[in-house]
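S.K.: Here are the chains, one letter per residue:
Protein chains: 2
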Amino acid sequence: MINNEDLAYLKEQLGFWDKLSQKEKQLLVSNVYSINYKKGENLHGRDKDCVGHILVKSGELRVYILSEEGRDITLYRLTPGETCVLSASCVMNYISFDVLIDAEQDTEVLLLNIGAFGMLKEGNIHVENYAYKVAADRFSDIMWAMEQILFASFDKRLAVFLYDESARNKSNKINLTHEQIAKYVGSAREVVSRTLKNFESQGILKLSRGNLNIINKEKLRELI
Amino acid sequence: MINNEDLAYLKEQLGFWDKLSQKEKQLLVSNVYSINYKKGENLHGRDKDCVGHILVKSGELRVYILSEEGRDITLYRLTPGETCVLSASCVMNYISFDVLIDAEQDTEVLLLNIGAFGMLKEGNIHVENYAYKVAADRFSDIMWAMEQILFASFDKRLAVFLYDESARNKSNKINLTHEQIAKYVGSAREVVSRTLKNFESQGILKLSRGNLNIINKEKLRELI
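Going line by line, the protein sequences match chains A and B.
Note that numbering that gives the first Met the number 0 has the first sequence beginning at 0, numbered continuously upward.
Note that numbering that gives the first Met the number 0 has the second sequence beginning at 0, numbered continuously upward.
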């Protein structure tokens, strides 16, 4: 059970709330929990149970795929106000692949547990339709990520990432290691380090341990 | 308009037929056409109008993405009895990316035109839900293709392709050029040629102009 403020937030985010019967509303409300995940914690993955429908309250989640050899590729990230249904894919018959979800920062979510979500989805076409629409929306992000990885030259890809990251954080300083950046852009650490050094030699940025500073944003933009 | 046989086939394939009102059924029936596409013809793409909902009657369609530099990657193929809604993505608000669709062989489809499909989708949640479910199903194919491209070693990827292709055609002979295979597996022709030659030297297959013969299926299987 959650408090009234959280409930109001949830109702606002769930497009189907008004289409639920009184009984369904009760089922939903009594199966929503506010949950905190620590930075780095895995909340959905291959060997984990399917958790349910997630609404991010604060923090950030990262959704990714992982190869057998441990190579990981970021599909998209979820920030406050965003919902995720791929963490409930086990009750969505038309989705037959798996993603992993980690907390990128300490993150608080409202979680509608998988049993209740499954029942609502089975019993009410508006819930089912909502779920597949949210999934389609995410697939559009995934396609974008894939096209970036498959088609864009690496310089451009990395420049796009740094530019977006800087805009997102409203700062020219990016607090990520080369290893972390490599994971986000779907490449190897060596390739990232090499390209960043190249950017540094062009006067675009300044590297230091564990972070980098964009010193010529205009020049970075020209690469995009 | 279409004949009774085609109509019966269509009703069977469209999960939402029974949920349509009499008026909606009429709208649908009077906006379905049987259309023939020649091998190689493009039926949906960036500069083309969105055609509508497609049901394949005979032949084969290929759905792919294309980079600015002309590199193309096959997402999935559609064979008789399969439907496609990405060719109607312009009326699906939650899908914001574009694919291209070509006829791989002479292909006959039943096409529900985009205007009627859009109206049915807007007016009837069962149609909308059907569309997003079919899309989710295809996205699972897309994720599989992407994982193959991003994660599998090339030898394995090519072996999987040849094995599947042989099973699909019920023949050990594969009538495709190296160029065509490269498109299917999302690689360069040179890489395909090199790997096929390597397979030939291992006694797995025999290459000839424009086709190849799998001569040791067991050995091919071991690569997968």
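Keep in mind the hints are simulated off the structure, nothing from the lab.
Mixed in with the good hints there might be a few duds.
Identical copies go unnamed one by one, so any copy, or any two together, can satisfy a pair.
Said to hold, decoys possible - The calculated lysine to any residue pairs, modelled on SDA-like cross-linking and capped at a C-alpha distance of 25 Å, are: (1) 182 x 152; (2) 196 x 175; (3) 196 x 12; (4) 24 x 124; (5) 172 x 182; (6) 18 x 121; (7) 38 x 208; (8) 22 x 220; (9) 155 x 45.
None of the values given here were measured: they were computed from a predicted structure.
S.K.: Each hint needs a verdict: does it hold in this structure or not?
M.R.: Here is how each hint holds up against the structure:
1. 182 x 152: Answer is both: 16 Å inside a copy and 19 Å across each meet the 25 Å cutoff.
2. 196 x 175: within (15 Å within a copy, 43 Å between copies)
3. 196 x 12: neither (43 Å within a copy, 56 Å between copies)
4. 24 x 124: Classified as both: same-chain Cα gap 15 Å, cross-chain 20 Å, threshold 25 Å.
5. 172 x 182: Within. Shortest intra-copy distance 19 Å satisfies the 25 Å Cα cut-off; inter-copy 41 Å does not.
6. 18 x 121: both (14 Å within a copy, 17 Å between copies)
7. 38 x 208: Classified as within; 21 Å inside a copy, 56 Å across copies.
8. 22 x 220: neither (53 Å within a copy, 54 Å between copies)
9. 155 x 45: The answer is between: 23 Å across copies meets 25 Å, while 32 Å in one copy does not.
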